[in-house]
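Between the sequences and the hints, there should be enough to build the whole structure, so can you do that?
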Amino acid sequence: MGKTIAEKIISEKCGKDAKAGDFVIAKVDVAITQDGTGPLAIRNFEKIGFKKVIPERTILYIDHSAPSSRKELSNDHNLIRNFAKKYGAIVSDVGDGICHQVTMEKYIKPGDLLIGADSHSCTGGAMGAFTTGMGSTDVAVGMGLGKTWLKVPSTIKVEFTGELAKGVYSKDMILYLIGKIGADGANYRALEFTGEAITNLTQEERFVLSNMAVEAGAKAGLIASDDHTRDYLKAVGREEDYREINPDNDAIYEKVIKIDVGKIKPKIAAPHTVDNIKDIGEVSEVKIDQVFIGTCTNGRISDLRIAAHILKNKKVADGVRLIVCPASRQVYLDAVKEGLIDIFVNAGGVIMPPGCAACIGVHGGVLGDGEVCLSTQNRNFLGRMGNPKGFIYLASPATAAKSALKGYITDELEGER
Amino acid sequence: MSNDDYIIKPKHAWIFGDHVNTDLIVPSEYLTENDPDIIVKHAFEGINPDFSKKVDNGDIIVAGRNFGCGSSREEAVFVIKELGISAVIAESFARIYFRNLINQGIPAITLKNATQIFGNMTKITINISDGIINCIDLNTRKRTTLKFKPLPEFIMKIIEAGGALNLIKTKVKEKI
Chain A
417 MGKTIAEKII
427 SEKCGKDAKA
437 GDFVIAKVDV
447 AITQDGTGPL
457 AIRNFEKIGF
467 KKVIPERTIL
477 YIDHSAPSSR
487 KELSNDHNLI
497 RNFAKKYGAI
507 VSDVGDGICH
517 QVTMEKYIKP
527 GDLLIGADSH
537 SCTGGAMGAF
547 TTGMGSTDVA
557 VGMGLGKTWL
567 KVPSTIKVEF
577 TGELAKGVYS
587 KDMILYLIGK
597 IGADGANYRA
607 LEFTGEAITN
617 LTQEERFVLS
627 NMAVEAGAKA
637 GLIASDDHTR
647 DYLKAVGREE
657 DYREINPDND
667 AIYEKVIKID
677 VGKIKPKIAA
687 PHTVDNIKDI
697 GEVSEVKIDQ
707 VFIGTCTNGR
717 ISDLRIAAHI
727 LKNKKVADGV
737 RLIVCPASRQ
747 VYLDAVKEGL
757 IDIFVNAGGV
767 IMPPGCAACI
777 GVHGGVLGDG
787 EVCLSTQNRN
797 FLGRMGNPKG
807 FIYLASPATA
817 AKSALKGYIT
827 DELEGER
Chain B
12 MSNDDYIIKP
22 KHAWIFGDHV
32 NTDLIVPSEY
42 LTENDPDIIV
52 KHAFEGINPD
62 FSKKVDNGDI
72 IVAGRNFGCG
82 SSREEAVFVI
92 KELGISAVIA
102 ESFARIYFRN
112 LINQGIPAIT
122 LKNATQIFGN
132 MTKITINISD
142 GIINCIDLNT
152 RKRTTLKFKP
162 LPEFIMKIIE
172 AGGALNLIKT
182 KVKEKI
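Chains as they are written, first to last, in this note's numbering: chain A, 417 to 833; chain B, 12 to 187.
Hints in this document: simulated from the structure, not taken from any laboratory. Be aware that one or more of the hints could be misleading.
Label-pair distances were calculated between CB atoms; the ranges are [as the list claims (entries may be wrong)]:
id: 1; chain 1: A; residue 1: L495; chain 2: B; residue 2: D148; range: 46 to 54 Å
id: 2; chain 1: B; residue 1: N45; chain 2: A; residue 2: K805; range: 22 to 30 Å
id: 3; chain 1: B; residue 1: T181; chain 2: A; residue 2: S490; range: 34 to 42 Å
C-beta: ideal position from N, C-alpha, C; glycine also.
Below, the structure is given as C-alpha cells:
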C-alpha cells in the first residue's frame with residue numbers, strides 16, 4: 417500500500433511501517449526553539465536532568481524580541497546563550513533572522529523530521545521535510561532524548577491546477593484555501609500541496625504555503641522536493657543536502673481538494689481570524705495606518721523585490737507608516753546589494769533588524785488604539801501585534817506595497833483589471 | 012469504576028465559543044512579563060473580563076471547536092493550570108494545544124456539542140479514566156450520564172504523573 421509524504425518520512429524515522437492513525441516514537445533530526453519558548457524548554461530540560469542535547473542540529477533562535485526590548489528579555493537571551501554553550505546546542509543570535517527562514521537557509525534537508533517550539537515550524541514542509549510545531553516541554557524532551565512521540569496524521573491532498581493571474585501570488589493561494597476549509601479545516605491532519613501550479617512555484621513561494629498550513633490547523637504542510645528545491649539548496653550552498661521526497665502514486669488520502677488557481681484573485685484576511693477571507697473589493701474602503709512587510713511568511717528576498725518594484729521612486733501615502741523587515745541576515749545583505757533598502761527608505765519606510773519584529777507585538781511596531789495594519793504576516797488574531805484595540809489585515813507583499821502608496825487597501829493592479 | 016480512577020468534580024463549567032486562540036488565552040502584550048501572577052491575571056480577559064477572579068479551583072473549561080489554536084506558547088496552558096482548571100472539554104482542540112495540555116497533566120477531553128450540553132448541567136462528576144460524565148440536567152432535574160472516548164493509556168500515564176516532565180524525570184533517573 418502506498419504512502420503519503422508524511423507516512424514516508426515518519427516510517428523512516430520510527431523504523432517501521434507507519435500508517436495514518438498509528439502512534440509512533442520517531443527520531444528527531446532537528447529541534448528548534450525561539451526566545452519566547454526557549455527559556456521554558458531550557459528550564460524543563462534541566463528539571464528533567466538531561467546531560468546533553470542529542471540532535472546535532474538543535475538550534476536556539478533569538479528572533480522574537482531581537483534586539484531585546486527590556487531587561488527581563490535580555491536575561492532570557494543570556495540564559496539561552498549559556499545553555500547552548502553548556503549542553504552543545506547552536507545559537508542563532510540577534511540579527512541572524514527568523515527561525516523559520518534561517519532553518520531553511522542553513523539546516524533543514526528533504527526527508528528530515530523537525531520539531532520546533534513555534535507554531536510556524538511547519539514552514540519546512542515545502543522542502544519535503546516533516547516539520548511541525550510543538551510546545552516547549554515537547555521540544556525539551558526531543559532535545560534530551562533525540563526522539564518524540566507522534567500520531568501519524570492522515571493527509572488532505574490539495575491539488576492546485578492552472579496558472580496564477582498577474583498580481584496573484586502564493587500568499588493569495590493559501591489565503592484562498594484557508595478561507596475555503598476554515599481555521600480548523602485540516603486540524604490534526606497533514607496537508608500535501610501538489611499539482612502544476614505548485615510545480616511552477618519557486619521554492620521561496622512554496623514556503624508561504626507550508627508556513628500557513630497551521631492556520632488551517634494542519635500538523636504539516638508538505639510539498640514533494642524537486643528541481644526548485646535543489647536550486648534553492650544550491651543557492652544557499654547546500655546542494656549536497658538534496659534528496660528526492662515524493663508520495664507514492666497509490667498513497668491513500670483522506671480527501672482531495674482541487675483548486676484552479678487561475679480563478680483566484682488577490683485576497684485579504686480581515687480581522688480577527690485568518691479564515692475571514694475577503695476579496696480586496698470588499699475591504700477597499702479600509703484606511704490603513706501601518707503597513708508591515710516582512711515575517712517568516714513573506715520577508716524573503718523575492719518578496720522584498722516585489723514590494724520594491726512597486727515602491728520604486730514613489731512615496732507612501734500621508735499618515736502611513738511603512739515598516740520593512742528582512743527575514744534573515746542573508747536576505748538583508750541581498751536587499752542592500754540589490755538596492756532594495758534604498759527604495760524602501762526613500763519611499764518613507766523604516767527598516768527593522770532581521771527577526772519577527774512587529775508581527776508578534778513584543779517590540780517595535782505595536783499598534784495604537786483603533787489603528788489598522790496591513791501586514792504580510794500569517795496571523796491576525798485580536799491582540800496579536802501587541803494591542804487588542806488594533807485591527808490586522810493580511811495580504812501579499814504586492815498588495816501591501818501598493819496599499820502603502822494609496823493609504824487604503826487596494827490591489828497591485830488597481831485600475832488595470 | 013475502580014479506586015484508581017481519575018475523577019474530577021468541578022464546581023463550575025466555564026463555557027467558551029469556537030476558535031478561542033492563544034492570543035485570547037494569553038494576550039501577547041503580557042508574554043514578556045516575568046511575573047507569572049501578571050500573566051495569569053490577564054488570562055481570557057478579551058472574551059471574559061476578570062475570568063481569573065471568578066474561577067474556582069477545580070473548575071473546568073468547556074469550549075467549542077479548535078480550542079487553543081494559534082501559537083505554541085505554553086503560557087496558554089500554564090495560566091489555566093495556575094487558575095486550578097482540572098480539565099478542558101472541547102468539541103475539538105488545536106493539536107499543539109492538545110499536546111501542551113497533556114504535557115502539563117491536564118486532561119483534554121473531546122466531546123461533541125460540549126458547549127450545548129454543559130450549559131445545562133449541574134453537580135458534574137467526570138470519570139476521566141472511564142470516559143463517563145454524571146450530572147443533573149438543570150431543565151429536567153434528571154440525573155444524566157454521558158460518555159466520551161477515554162484517552163489512550165500512554166496519555167493517561169502522562170496525566171496521572173502530573174505531566175510529561177514528572178514522567179520523564181522518573182524514567183531518566185531510572186536509566187542513570
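| So the hint says 22 to 30 Å: do the beta-carbon atoms of N45 (chain B) and K805 (chain A) match that? | The hinted range 22 to 30 Å holds for N45 (chain B) and K805 (chain A), with Cβ atoms some 25 Å apart.
Item to check | Supplied distance hint 46 to 54 Å, evaluated on CB atoms of L495 (chain A) and D148 (chain B) | outcome: Given a distance of about 51 Å, which is inside 46 to 54 Å, the answer is holds.
Inset, instruction - Starting from the range 34 to 42 Å, see whether the pair T181 (chain B) and S490 (chain A) falls in it by beta-carbon distance. - result: 35 Å, holds
The structure fails none of the hints (numbered hints given earlier).
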